[in-house]
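**Q** Single-letter residue listing:
Number of protein chains: 2
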Amino acid sequence: MNHQNLLYAQSGGMTAVINASAASVIEAARAAGPAIGRIYAARHGILGVLDEDLVDTASFSAADLEALAHSPGGVFGACRFDLDTIADNPAQFERVFEVFAAHRIGYFLYNGGNGSMDAVAKLSQAARARNYPLVCIGVPKTVDNDLEGTDCSPGFGSAAKYVAIAMLEAGRDLDAMASRTGRVFVMEVMGRNAGWLAAATALASEGPDDPPHLILLPEVPLDETRLLAAVRATVERLGYCAITVSEGIRHLDGTPVMQQADDRKGHVQLGGAGQCISRLIQTTFGYKSHWAIPDYLQRAAGHLVSGTDHAQARAVGHAAVAFALDGIDGAMVAIQRTADEPYQWTVRAVPAADIANLERRVPAAFIREDGLQVSELARVHLRPLIEGEVRPAFRNGLPVYPRFQLEPVAKRLPAYRRS
Amino acid sequence: MNHQNLLYAQSGGMTAVINASAASVIEAARAAGPAIGRIYAARHGILGVLDEDLVDTASFSAADLEALAHSPGGVFGACRFDLDTIADNPAQFERVFEVFAAHRIGYFLYNGGNGSMDAVAKLSQAARARNYPLVCIGVPKTVDNDLEGTDCSPGFGSAAKYVAIAMLEAGRDLDAMASRTGRVFVMEVMGRNAGWLAAATALASEGPDDPPHLILLPEVPLDETRLLAAVRATVERLGYCAITVSEGIRHLDGTPVMQQADDRKGHVQLGGAGQCISRLIQTTFGYKSHWAIPDYLQRAAGHLVSGTDHAQARAVGHAAVAFALDGIDGAMVAIQRTADEPYQWTVRAVPAADIANLERRVPAAFIREDGLQVSELARVHLRPLIEGEVRPAFRNGLPVYPRFQLEPVAKRLPAYRRS
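Line order of the protein sequences matches chains A and B.
At position 115 of the first sequence the residue is numbered 115 (this note's numbering), and the sequence of numbers has no breaks.
At position 385 of the second sequence the residue is numbered 385 (this note's numbering), and the sequence of numbers has no breaks.
The reader is advised that the hints may include incorrect statements.
[To be verified] Now the in silico label distances, taken between C-beta atoms and shown as ranges: (1) A:R395 x B:Y132: 47 to 55 angstroms; (2) B:F394 x A:R412: 44 to 52 angstroms; (3) A:L377 x B:H251: 46 to 54 angstroms.
These are computed hints drawn from the structure, not numbers from a lab.
Note that the structure is a prediction, hence the values are computed from the model and not measured.
Backbone N, C-alpha and C fix where the C-beta goes; we use that ideal spot for every residue, glycine too.
Chain A on its own, in the form it takes in the complex (with noise of 0.2 angstroms):
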């Protein structure tokens, strides 16, 4: 029996390039010859091969491959589902394998974060244990930016394009709105623990007056009086301040931020930490505030896409190809920075078991000494992965992202009931 069909597959959340690993997985494979037979991906993540819910991307031209590749989203679904330990759950195991091998999966490519490159050590372990051929590799991707290994994470670099001008925009406008009773904006982004995304707010400014005068990273404690003060000589300064608030951000007891005692009731009131530092803020100074949620949108925005990270995207894809091609199985496709000024980066196979279930967080050196704001060594770090315009079509004022007909792949195996 010769497994040699490749299987791809999209996991957690998800960005504005993944569709662009995604078809440089198919095209690579496709460019492979006969080493490589069906290219199939699994529908959301995991949960599609534990259902056998298959699509065959033969159907997709080239033309549309090129579309996706401007499309956020991801085309095949994703899932938050982790795999049990092979110890815990050796069914669940003997499933994935049962549907490997019903499809001759010889290649399996699963695109995400943390989680998934767990899935791949895991995986990688048991066709081993098993003696099924299998090649297993991690495509990176995540806009928190928290994977261990690389120089950054595909997905990243665009979400921080979009927060990076959402903040230089809006304060633009908080610009003309300064009054001399004063004027808070909060933004808050996401990063439950590592605060990359807010600090890629500081690539708005160029000088200290410039939005974003305040970052609030999980990094870093929550100070409220130091917080406070740096607000109220702001607003003295300039008549409004602009701060960044991660959705991670912690009290110094440890208790997030996002739930926050009322003090004059007793009450617990629930919203996001932006809301919380808003509120804070009004209810210290009386000043105006107001709070922006990008949530969804900043991780979504394909027609702000970073010109940086679609290449690295792509590259991630191909390399991934590649890499199975040569057997370098249980790896992860990483990013390396070889140079910062002018940004220059190649690719390399790092283990997936060093990297699954680590976060790595903003470090020391990236904060300002006070806390609250980066340091230029983190804007030197974070500039070159926002950099360049990659834009799809737009059609009617809107851009294009064409929907895709998925091909399903019959089915062979029995149903499958997730324990």
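Take the given structure of chain A and dock chain B to it, following the hints.
**A** What follows is chain B alone, placed relative to chain A:
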């Protein structure tokens, strides 16, 4: 005494294209030759007039004006300040005309919304009452699109394009993340009393299964039972539901949704309307729910300007000067639609007094019968307003929005104490 200088000012919330109107006013006034002397601007709207805080736009080069026309925010600063009535506060009007006389202002062009048209009408009336030779013109601007007498308001088309694209892109993300347990996304857009921006998100959809599935307008009292049934039906069909919510939606009893009672404990929870709708759905069905609040981002997105909107913002600026030279006092420049497909329009003058303090709301014919979506008529009306792309220059991955050094005009009067 020859009152021939021109004074321009910006008021109210900013837009992505108000500076395009400003640039066109200055260009047209320069082109007018000796009919117009100096071209001044007041800082922070009518407050800058009262404070005699004027700048001379002669410092702007032609290249500056071109860059200005592609910069969001308001270069001269805006205010949220309404003139009193002449009867209530004659001293205020006395001051305005002292400043006008001191700087030989013969033309006053006020760029704003309903409140600004009220100021135009009052100043025109006050000038006639005191025989001060003034031509006073309103230049329309508002992302809310609630100005009467005009087909649409400059600023709206770009904000509409922004929110439509935001919904389109977030929708692609949601589509990938759809799951058996259900997922809901709520985007709250601007519009206290008029749902034009919410309605414009409908342009993101090509069919009933495309986001946004539901649109809640301030024109339609919220029927929670009907909303929840529609949400459930959508989630059961698609695995997710995307909803646009106007910030100003109200309950059947007229209270704003943004203040929502938590029935379980009897507390009042404050939050935006989008957050309240998200919470209502999550509490009722247990679907995972996200909410986004673009806030200032939607009205400041210079990187996503509508070609139609930009052309109209420029046209009303040019026309304001032409009408001023023709002595058409107390008028607002209005956009008149002459054809739908292809969209054709022209500009005309309408009496500012007829528009002041009115609000143009989304008409019943633009709302679907169940009140949870817009009609095809609305789409036909709105579609041309977001068409075309006008982009700023980009450098280092960010739009180029220059900061301009403003040239103050020497004060000639004693300081004014605002009453």
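**Q** Can the suggested window of 44 to 52 angstroms be confirmed for the beta-carbon pair F394 (chain B) and R412 (chain A)?
**A** 50 angstroms, holds
**Q** Has the hinted range 46 to 54 angstroms been met by the Cβ atoms of L377 (chain A) and H251 (chain B)?
**A** 51 angstroms, holds
**Q** Is 47 to 55 angstroms respected by the C-beta to C-beta distance linking R395 (chain A) and Y132 (chain B)?
**A** Roughly 52 angstroms apart at Cβ, these two residues keep to the hinted range, so it holds.
Checked against the numbered hints given earlier, this structure breaks none of them.
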